[in-house]
Amino acid sequence: MLNYIWFGLIFISVVVGTITGRIDQVTEAAINMSKTSVEIAFGLIGIMALWLGIMKIAEDSGLIQLIAKALKPIMIKLFPKVPSDHPAIGSIVLNMAANILGLGNAATPIGLKAMKELQELNKQKDTATDAMCTFLAINTSSVQIILPASVVALMGATANQIFITTIFATGMSTIAAIIAVKLLSKMKSFKIDNEI
Amino acid sequence: MIDNVIVFTNQISRYIIPFLLVGIPFYGLIIKKVKVYESFVDGAKEGFEISLKIIPYLVAILVAIGMFRASGAMEQLIYFLTPILNIIGFPPENLPLAIMRPLSGSGSLGLFTDLVNQYGVDSIYTKIGATMFGSTETTFYVLAVYFGSVGIRKSRYALAAGLIADIVGILSAVYICKILFL
Chain A
1 MLNYIWFGLI FISVVVGTIT GRIDQVTEAA INMSKTSVEI AFGLIGIMAL
51 WLGIMKIAED SGLIQLIAKA LKPIMIKLFP KVPSDHPAIG SIVLNMAANI
101 LGLGNAATPI GLKAMKELQE LNKQKDTATD AMCTFLAINT SSVQIILPAS
151 VVALMGATAN QIFITTIFAT GMSTIAAIIA VKLLSKMKSF KIDNEI
Chain B
1001 MIDNVIVFTN QISRYIIPFL LVGIPFYGLI IKKVKVYESF VDGAKEGFEI
1051 SLKIIPYLVA ILVAIGMFRA SGAMEQLIYF LTPILNIIGF PPENLPLAIM
1101 RPLSGSGSLG LFTDLVNQYG VDSIYTKIGA TMFGSTETTF YVLAVYFGSV
1151 GIRKSRYALA AGLIADIVGI LSAVYICKIL FL
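Heads up: the protein sequence lines correspond to chains A and B, in order.
Those letters in the first sequence? Residues 1 to 196, by the numbering used here.
Those letters in the second sequence? Residues 1001 to 1182, by the numbering used here.
There are no misleading hints in this set.
With a straight-line Cα cutoff of 20 Å, these simulated DMTMM-like cross-link-like pairs (lysine to aspartate or glutamate) come out:
(1) A:Lys81 - A:Glu120
(2) B:Lys1154 - A:Asp126
(3) B:Lys1033 - A:Asp60
Just a few of them, taken from the derived set where beta-carbon distance is under 8 Å, the chain B residues facing chain A:
(4) Thr1009
(5) Ile1017
(6) Lys1032
(7) Gly1043
(8) Ile1054
(9) Gly1072
(10) Ala1165
(11) Asp1166
A few chain A positions that, by computed beta-carbon distances, are all more than 10 Å from chain B:
(12) Ile74
(13) Pro83
(14) Lys123
No lab work stands behind these hints, which were simulated from the structure alone.
All residues carry an ideal CB built from backbone N, CA and C; glycine is no exception.
Isolated chain B, as found in the complex (with noise of 0.2 Å):
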């Protein structure tokens, strides 16, 4: 049952982003008439920016993590936590960027672009980081902003329910990705 499941799932995510790629032009083109070549083209322009701008974040984040590396620091970290950890069945590779997630969002993404310069795209530890990547969120820096947009200073139990989902999240990511792709 739980085998044919993931055959089936396998199966229909090979035709995701080519219905996206179809999907999205058709219901705007043919169904709300949107000038789709020029919505097309302004986004485009964002994604060259948006790639330009986080150069420095990458270059800040993959120079430190880069020395981490090479000093053995990583190793003698993950041999370290490898015993704890194994226990829950996370993996150490994943524990930066899960510990990074909720702190810093150009941080994470320098940490998952480690994730696939080191492991490469099909490893488990780069799909259990997109997986991680896409489903929790900058938890601090999304409160510290949205709280301070309205001068709000006692922000109750906002901090603890945001952590607990972040939790639960990496925590799924970790369950599906292993039920999944192993």
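The following block holds chain A by itself, in its conformation from the complex (with noise of 0.2 Å):
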């Protein structure tokens, strides 16, 4: 998919160029955006090395237990047909944690050894149980509460403004994805026999 966007935007440019007469600036576009494009990734080093090395302290002291522990509760109720004592819990609120500090190298792993303890338990080994669905709804509708560090790279002091906007946000879809998910897996299309 991302394929055809990406040509079809050079595409789309030059054909258009060439009818607005403006093949010209395409052409010093492309080679002024491929130098901006350097000189911003070498901007982002610095702030990207403070950010990711406080994280790494947040991550080194255990800062993703702590949000693991009060996560607990609230992931028993949503996964019901998972035993409140099976270790898929247990790797479900670690990858929440990391997500929510923003450790997306941290926070991958754990998501994946989640997949295979949800895997277990699920009887028709090729489709997904609606524990799953819960998983990665919630998980794609990123529970992050500590910012990217790109964004904040870019950003620079900005970047706390964004700290409360992205918490609303990130708080609806995540509200949204549980709401979707329970009704989607009441839909008949959508229901299967003898599961988990």
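Put the two chains together into one complex; each comes in its own frame, and the hints tell you how they fit.
Below you can see the structure in the form of structure tokens.
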């Protein structure tokens, strides 16, 4: 999909540039933007290093576990078909906690482990369970509270203002994800037999 | 009432980054006895590597979007979409990012970088873009990786739920930024 979007942008640019007589500007933009990309990336290095350094301290000092503990009671409610002492619950809360802190690199391996453990409870191995759909819907709704390093790096001090708006928007999307999952799982076309 | 909330949130927002900069090392060193300096340097190295790793993606997206804008195609697109998007109060400037966000992390980072470049960090478009970027995920990518890792082929309603969440997140980003920053 991305392949077609990317090619489409370039293709349309050249065609439209030819029609509007701005083909020289199109050439110039291509050359200038490639230079700009590298300048931007170099400009990011310092703040990215600062932010990821601080977040590494959060990771090493066990902030993930602390948040995971607080999330556990909520998660048990959201996954009624998973036994509350099953290891999958532990992996799911750890994954959410890492996502909340914006620690994508730590979140993905734990999330994949959660999927493996949910798959053990699955009776139809090629079909997603309700628990998996719930987990991924919440996961893709991004429960992030700490901003991505790249946003902080690009915005500098203005990033301060974005924390509150992000918490609001991410909260709304997570609530929407949970409601959507609960409603969609009741729809006939998505029903499956003998699932956990 | 709403004005007071806005003033209040703007006041505390000034302290969020400083609070994280002091709070996290405090928790690590004083409470958990973590070697915070070593941890910091470890993480900072990662920041260096990531900045260099994104260069090819940035070049790909910024060149394509730069050409698209220079040709006049972007103006045309915005011109056509404005009346439709006006109905729901959605700024056309943020549409490319909203479409790209569920598809590709590097692509949407490129488009967000372009917003910062075009309009500056204080512009409403940049703030809406940053909020979108932080509050939604690359849904298609996450579903492919997570389901792929355990061999699930029938994902049932996972994609529908993920996209509903993305749309709600994107619209929430627009409205909250308009309330707080306009």
